[in-house]
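S.K.: Here's the letter readout for the chains.
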Amino acid sequence: MTVVTGGCQCGRVRYSVELADDDAYLCHCRMCQRATGGVSIAFKFVPRAAVTWLTREPDRYASSPIATRGFCRECGTPLTYEGEGSDHLDLTVGSFDDTARFRPVENVGVESWHAGWLDVTGLPTQRTDQNVTITARWMATLGKLPD
Amino acid sequence: MTIAGGCRCGAVRYTLAIDALPPTYACHCHQCQRWSGSAFSQQAIVPEAAIAVTGPVAVYEKVTEDRTSTQRVCGTCHARIYNVNTRRPGLAVVRAGTLDRSEELECVAHIFTASKQRWLALPEGVPQWPQAPPAEALAALLGAKRPR
Chain A
1 MTVVTGGCQC GRVRYSVELA DDDAYLCHCR MCQRATGGVS IAFKFVPRAA
51 VTWLTREPDR YASSPIATRG FCRECGTPLT YEGEGSDHLD LTVGSFDDTA
101 RFRPVENVGV ESWHAGWLDV TGLPTQRTDQ NVTITARWMA TLGKLPD
Chain B
148 MTIAGGCRCG AVRYTLAIDA LPPTYACHCH QCQRWSGSAF SQQAIVPEAA
198 IAVTGPVAVY EKVTEDRTST QRVCGTCHAR IYNVNTRRPG LAVVRAGTLD
248 RSEELECVAH IFTASKQRWL ALPEGVPQWP QAPPAEALAA LLGAKRPR
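Protein chains in written order, with our numbering: chain A, 1 to 147; chain B, 148 to 295.
Among these hints, one or two may not hold up.
From chain B, some residues computed to sit far from chain A (all C-beta separations above 12 Å) [said to hold, decoys possible]: (1) Arg160; (2) Asp166; (3) Thr211; (4) Glu250; (5) Ser262.
Facing chain A, according to a computed beta carbon distance under 10 Å, are these residues of chain B, among others [unchecked claim]: (6) Leu269; (7) Glu271; (8) Ala282; (9) Leu285; (10) Leu288.
Hint data in this document are derived by calculation from the structure and do not stem from the laboratory. Note that the coordinates shown come from a computational prediction; the quantities given were computed from them, not determined experimentally. Glycine is no exception: its CB is placed at the ideal position from the N, C-alpha and C atoms.
The shape of chain B in the complex, shown without the other chains (with noise of 0.2 Å):
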């Protein structure tokens, strides 16, 4: 089964070669919603290896002291499409807002709520933390296979 997506005119897709729509989470932190020009990031984790994309990819790298960031957008439209990071090797995040069987995501998790809007009220009972999470208990709401 793949899992398709693209960008906003269209001229970048890209498949998932994995075999559910991913669990994703939302990131309230302000480089998220700077990035988003919205109230959070919604992302997904995959293995790099299982993306396949077409079109005009173009990549905007940010690098800080301990880390790269290399972002990959539509050439055309700028969407975001996914990035991988240097402290994450093998791993790419989607921004989950490009599937295209978007209406049928979930999201298993909320974190730097902290710096939240105001005015959003997020789902009883979702997990959230108010700055990072502990690597291993996101990781281990990631990995949750749907349906439970």
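So here's chain A without its partners, still in its complex pose (with noise of 0.2 Å):
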């Protein structure tokens, strides 16, 4: 068992889990899609014993008879989604500080998924150093590109 860290965009909501594994999993319902603004979510799933919330509990959404979501009320950020009655919960892959120790070992809710958006390694590139508009903001504001 690891314990490992993570958070919400703003540091508001912290956490630590104790994982056993780095498999995770990506949801592609709709549901999950309209939460995130997305095309699908990461989650890692984990029993709610291993985690705990070191600053506050996540604000809490009923997103649906069965489910509730956990985020951020002031940055946004989505956190969690605990099935009603249930001892596990799942972390959202990008709010842990080392998202990167994971991978994805399965899709679900694949009804829904946008198929054309799963496979994206051929299109163009850049990155954010290369773009000359987001490089200059961050620049004029933070004095760096960001962490």
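Dock chain one against chain two, each of which comes alone in its own frame, and use the hints as you go.
M.R.: In structure tokens, the structure reads:
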């Protein structure tokens, strides 16, 4: 077991969690697409008992009769999916401090997946530091590109 | 509106040409505990051009490989007032406890909480990071207007 940390974009909601492995998955259902404004959500499934909320519990929204979604109301970061009555929950992969440790092992909710978005490796690419406008804004306000 | 502050002995006084008391953040790293002799340092970031200082200011430079930090302290009582850093040109970091209205300050973030003193309980829901925060996240918190 490894203890890792994560939290929302603004740092208001921080957590630590005991991980048994680095397996994660994607959900492509319409509710998860709307919850993130994206084409899918990346989740890590863990026992509720493995999670410690270090600063405060996330804010919660009863997104459906079967589940509640945790997030930070200040910065909007989606943090959890908590099935009603379940002793497990999902943490969003992007909220971990070390997102790169995880690897996807499954796709769920595939009835609504957007097939054209699943393999984007062939598209043209651009690094943030190659975007002149965005880089100029960061340099003017932060003095550097974001971490 | 000017915001005023000064050192412990009163010899050094300063004003900040800003609209309101600035948001502050606390750093709990060991270096800040040593600088301050306390559990954390508390800072506000202001444009360097906004600071006007009078009195016997002494300078202490800390040079490392990648940066030079120039600390300005009262030459009489040695209270630290503010510093500039070559990594943040144009900005000054003010020791927020030296502000006259320090009791009205808000602390919007805590950083390097991994070395926080264990007795210190941080307020619930205030952003905190165990080590360095993402720079843009801290900048966003410090840029917040008061009151919300």
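S.K.: Run every hint past the structure and note whether it holds.
M.R.: So, going through the hints one by one against the coordinates:
no., hint, result
1, Arg160, "29 Å, holds"
2, Asp166, "18 Å, holds"
3, Thr211, "18 Å, holds"
4, Glu250, "24 Å, holds"
5, Ser262, "15 Å, holds"
6, Leu269, "7 Å, holds"
7, Glu271, "5 Å, holds"
8, Ala282, "5 Å, holds"
9, Leu285, "8 Å, holds"
10, Leu288, "6 Å, holds"
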